[in-house]
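Engineer: Here's the letter readout for the chains.
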Amino acid sequence: MVVGKSVARIDAFDKVTGRAMYTDDLADSRAYVAKVVRSTIANGWVKSIDTSAAEKIPGVVKILTCFDAPETRFPTAGHPWSTDPHHQDVADRQLLTARVRYYGDDVAAVIAENEVAAAQAAKAVKVEYEVYPFVLDAQEAMADGAPQLHEEFPNNILAHTKMGFGDVDAAIAEPGLIKFEGWYETPVVQHCHIENHICYAEMQGGKIVVVSSTQIPHIVRRIVGQALDWPWGKVRIIKPYIGGGFGNKQDALYEPLVAWLSLQVGGRLVKLDMSREETFANNRTRHAIRSHITSYVRPDGTFVARILEAFSNQGAYASHGHGIAAKGMSSFAQLYQCEACRGDAYTVFTNISVAGAMRGYGIPQAMFAGESHIEDIARGLNMDSMELRRKNMIPVGYVNDFDKNEMYFDSLNQSIDKGMAAIDYKRKLAEYQNQTGPVRRGVGMAIFWYNTAVWPLSLESSACRMVLNQDGSVQLQLAETEIGQGADTAFAQMTADVLGVPFENIYVVSTQDTDVTPFGTAAYASRQTYAGGFAVKQTGLLLREKILKHARELTRMAEFNLDIIDGNIVRTTDGRVMMSLGDLATEVLYSLSHSEHIVAESTYQIKSNAYSFGCCFAEVEVDIPLCKVTLLDVVNVHDCGSLINPQLAEAQVHGGMSMGIGFGLSEQLLFDPKTGKPLNNNLLDYKMATTMDHPDLKALFIENAEPTSAFGTKSLGEPPACPVAPAIRNAVLQATGVSVNKAPLNPHILFERFKEEGLI
Amino acid sequence: MQTQLVTCTINGKLTQTVVDTRASLTDMLRNDYRLTSVKKGCEVGECGACNVLIDGECFNSCIYLAVWAEGKTIRTLEDLLGPNGELSDIQQAFIDEAAVQCGFCTPGVIMTAVEILGMGRRFTRDELRKLLSGHLCRCTGYENIVNAVEKTMNKRLDG
Ligand code: FES
Ligand code: FES
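Protein chains in written order, with the working numbering: chain A, 4 to 763; chain B, 15 to 173.
Take these hints with a grain of salt, some might be off.
[As the list claims (entries may be wrong)] Derived DSBU-like pairs: lysine-lysine, alpha-carbon spacing no greater than 35 Å straight-line:
{"no.": "1", "chain 1": "B", "residue 1": "27", "chain 2": "A", "residue 2": "421"}
{"no.": "2", "chain 1": "B", "residue 1": "165", "chain 2": "A", "residue 2": "431"}
{"no.": "3", "chain 1": "B", "residue 1": "165", "chain 2": "A", "residue 2": "701"}
If you are wondering where the hints come from, they were derived from the structure by calculation, not from laboratory data.
Sequences are here, hints too, so could you generate the full structure?
Structural biologist: So this is what it looks like as structure tokens:
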């Protein structure tokens, strides 16, 4: 059995030798280069565009403006399509737009023979605007009289949903309750995958072929079709290796535009490569969310009623929209139990860069708010915060009404115990009480809730194809994409075990090509090992059945006495190897009586999903006069079910922790309040964590095999990023006694708070 | 457009090509020599994805003009593989330690590791962190990258 073993990644050799090919490595040098002309105002209309100077630049092929582009509106979110119009994503994007809604909006595009000409021409395009006032803050955008972005959404509210159970008003009438209230705020951050988004397009074989750095090829195919009003079958999307995605590439970014540009120059090859600055400002970001939480608690710490209001900043276009705030609100209703609960979540358009999916999908924001709030309550009650958590946490046996998810195991308590031991929490907590002096230490923690995959909100389906080669090896194809997380390796491990074929004989076709790759919705919602696992198992069992039928004919033994073990047909009654799988495949393929190419293909529709829980513990040192936090130690503990590949799982957690550290301590994308222009959309001024900003990262696991899963596994991709920032925030609280309710805890924000509290 | 002939040694081979004088070394290596391990993550010297060795020293090739390569000896990741396809110890360590995920930062990081290991000194973990800090990686949290470099360093020094 190879599932559960730390085998090396199947793509590692190519990646350490430079042989792995990414989109730009595949683009032919004859490609025209396109460059987007971006608005220099945050809100308004394009009145006119003068391209005459730009057209004179040598090498310019064609300039297309918003007045040339079709009016068609399309959605961009990487969700499965819904045939029910009420569940379809908001279609508010155009290929190029005259109605500018954020600084950097796409108003025109230049196609040139080379990069230099494209860049020079983009600069030389003169755009005249009718300028409107703009708004950058979600709550300000909701106010009457605020600048409006989309006519169909009054007060800029893209969506407002309510959640609740019990009767809050009746519950809070109970005498003796203590009320706790707080506002918590997280910033706009960006995915910062090291490969920028890039795509190129060309007409081939009567189809528009787009090669793109995307997480979701089949979804992008549909969206390109919608955007171009073009038959979906005439769109072909190819996804090679990609240099990270983290949710940014779970959106149709510039694939529709590059496809359209290619069609404007006779189907010639056009490449559109984002700069780092554009990746920050003109792709997607993480929603900034401001949350207001009120809790009514008995003096013994029992939660009675809780109220949440969340304001999620969508930026200029709907993209994934309200899904993020809504997921955050679900976690609020479930992670801690109480008699009555009420929530209002608003997702609001503003004139900043567009927010979309990003690792955690609303949960990092919700955990920052919720887990900070828990710590504040514990302080107020003078109670151990772990005791407070354990008292109110989602219990074993909890079943959610809506999705039927069940809390099968005591994952949270088990994770907390493991994390406490790993960081020596109790000793440190006692040691760091009541410190004085300028440099102080503290420990803190946070737990998290996460939900694998998207059923029953959306379709969950995964298809798989397996082909038996003459030598008994197998090709495996899935729409579920390798985006760095190790999906290909995990699927190969699963396939090897289901079929009884050695791991090294499984060849994953890593590139997805929508013309040949089976359908699936690919990399998001930490769904792939869970969702893809079903398709692999079902298809593997089909292939086994076919192989064993042939084995019966060739060996004349009963099928039920035959098995495939380590690449051989084995008679189970005495363990004799009857023939190798290679011999069988060759014999069957070249049979003069009934030659057959042995393949299996199937779709599995998944009608379940699974909770994923865990926690983070952090130890910090705070230099109060410098307003600087140094992270001394950090441990994440996860119950993601059975581990398919422990070493890769651990590596995955490290990456998520690193993103969480940046979210907690240093990252924020800022916009100029005077112009709406992004201020730090580069890797120098945007402070992503480096090797120097981390202590050693520890990743630990609790392995409770998920009973609904094909391989006992459930989500791990996003969860590691969810609990880190609040754990750091709570450690700073223990060290200094100061609650910092705004991330990141960088010197600017700490200075304000320390001053308010009289520490400096 | 002004052009210039650039003669240099790339991965052990003396080469010549005519470049646009504005071109970066990244452009020359990728476009003229198809050395696609040299990646572009920012093109302004922030991320380290384009890092190569020039006369034994690491440079972000995106902010190094192609014409400056005249007479220099350049090494990219493609040079590390042995004649029969053998991996170098540091490449193997990146596989063994699971220091590779999306792989986009990997070529640049490995070339810095080659420079560090070439110094033949035993660095502390903190020193290694500092020496590697010119590289941004969003996937690994750097943990296994530091492990891979540290283990290879110790192996080489302890024989
Ligand atoms: S591409 Fe050269 S440093 Fe980023
Ligand atoms: S492995 Fe993806 S950026 Fe480093």
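Engineer: All the hints need checking, so say for each whether the structure fits it.
Structural biologist: Going through the hints against the structure:
1. A hinted pair counts as satisfied when its Cα atoms are at most 35 Å apart, and residue 27 (chain B) with residue 421 (chain A) does not qualify at roughly 55 Å.
2. Restraint check: the Cα-Cα separation between residue 165 (chain B) and residue 431 (chain A) comes to about 31 Å, which is no more than 35 Å; the hinted pair holds.
3. For the hint pairing residue 165 (chain B) with residue 701 (chain A), the CA-to-CA distance comes to about 18 Å; that is within 35 Å, so the pair holds.
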